[in-house]
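Assemble the whole structure, with the sequences as input and the hints as a guide.
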Amino acid sequence: RTKRSERSILSEQPTSSRPFLDTPRESRSTVSQLETERSREQHHLRRSKAAAAAAAAATTSTPGGRSSSSNSKSRDVQGIVRAIRMDRERAEKERAQLKAIQDQLTRSCDELLRKWKSEREVLGRRQSRRRSLSKSKYLA
Numbered sequence: 001r002t003k004r005s006e007r008s009i010l011s012e013q014p015t016s017s018r019p020f021l022d023t024p025r026e027s028r029s030t031v032s033q034l035e036t037e038r039s040r041e042q043h044h045l046r047r048s049k050a051a052a053a054a055a056a057a058a059t060t061s062t063p064g065g066r067s068s069s070s071n072s073k074s075r076d077v078q079g080i081v082r083a084i085r086m087d088r089e090r091a092e093k094e095r096a097q098l099k100a101i102q103d104q105l106t107r108s109c110d111e112l113l114r115k116w117k118s119e120r121e122v123l124g125r126r127q128s129r130r131r132s133l134s135k136s137k138y139l140a
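By UniProt numbering, the letter at position 37 of the sequence shown is numbered 37, and the numbering carries on one by one without gaps.
Derived from the structure by calculation, the hints contain no laboratory data.
Quick caveat: nothing in here was measured; it's all calculated off a predicted structure.
Glycine is no exception: its CB is placed at the ideal position from the N, C-alpha and C atoms.
Some hints here could point you the wrong way.
Computed spacing ranges between beta-carbons, pair by pair [said to hold, decoys possible]:
#, residue 1, residue 2, range
1, GLU89, ALA57, 46 to 56 Å
2, TRP116, SER136, 50 to 60 Å
3, SER39, ARG126, 25 to 35 Å
4, ASP110, ALA50, 41 to 51 Å
5, LEU45, ARG75, 22 to 32 Å
6, SER132, THR30, 21 to 31 Å
Laid out in C-alpha cells, this is it:
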C-alpha cells in the first residue's frame, strides 16, 4: 500500500523535480560528478573574475600618487592570485590522481578479461574433447 501511494505521489510530481529517478543508477554518479565539476569550474571563473576586478581597482591611479589604500588593494590582489594558483594546482593534482586510478582500473579490467577469455577457451576445448569421446563410444 505504501509503495502504491509513493508511486502515485512520485508520478504526480513534474519530472524536472525528480531527475534522478528517471536516470539509471550507473549514470547518476557520472551526472553528479559532472555537476560537481561544473560547479567547481564556475567557482574558479567567479574567483578569477573577482581577482581581475580587484586588480583593475588596484591599478587605477590616484591623483596623489599611490596611496596606502591602493597598496592594500594590490596586496589583496596578490592574495587572490595566489589562492587561484593554489586552487588550480590542487585541481591539477586531483585530476592526475583520478587519471592514475582510471588507468589502474583499465589495466586490471583488461587483465581480468584476458584471464576470462583464456579460461573460456580451455573449457571449450575440454567440452569438445568430451563430445568427441562420447561420439567414439557410441561408434564403438
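Do the hints match the structure? See the list:
As the Cβ distance of GLU89 to ALA57 is approximately 26 Å, the hint placing it in 46 to 56 Å is violated. For TRP116 paired with SER136, a C-beta distance near 31 Å fails the hint of 50 to 60 Å. Remark: the range hint 25 to 35 Å for SER39 to ARG126 is contradicted by a beta-carbon distance near 55 Å. For the pair ASP110 and ALA50, the supplied restraint of 41 to 51 Å holds, since their beta-carbon distance comes to about 45 Å.
For LEU45 and ARG75, the hinted distance range of 22 to 32 Å is satisfied, since their beta carbons lie about 23 Å from each other. Between SER132 and THR30 the Cβ separation comes to about 48 Å, which falls outside the hinted range of 21 to 31 Å.
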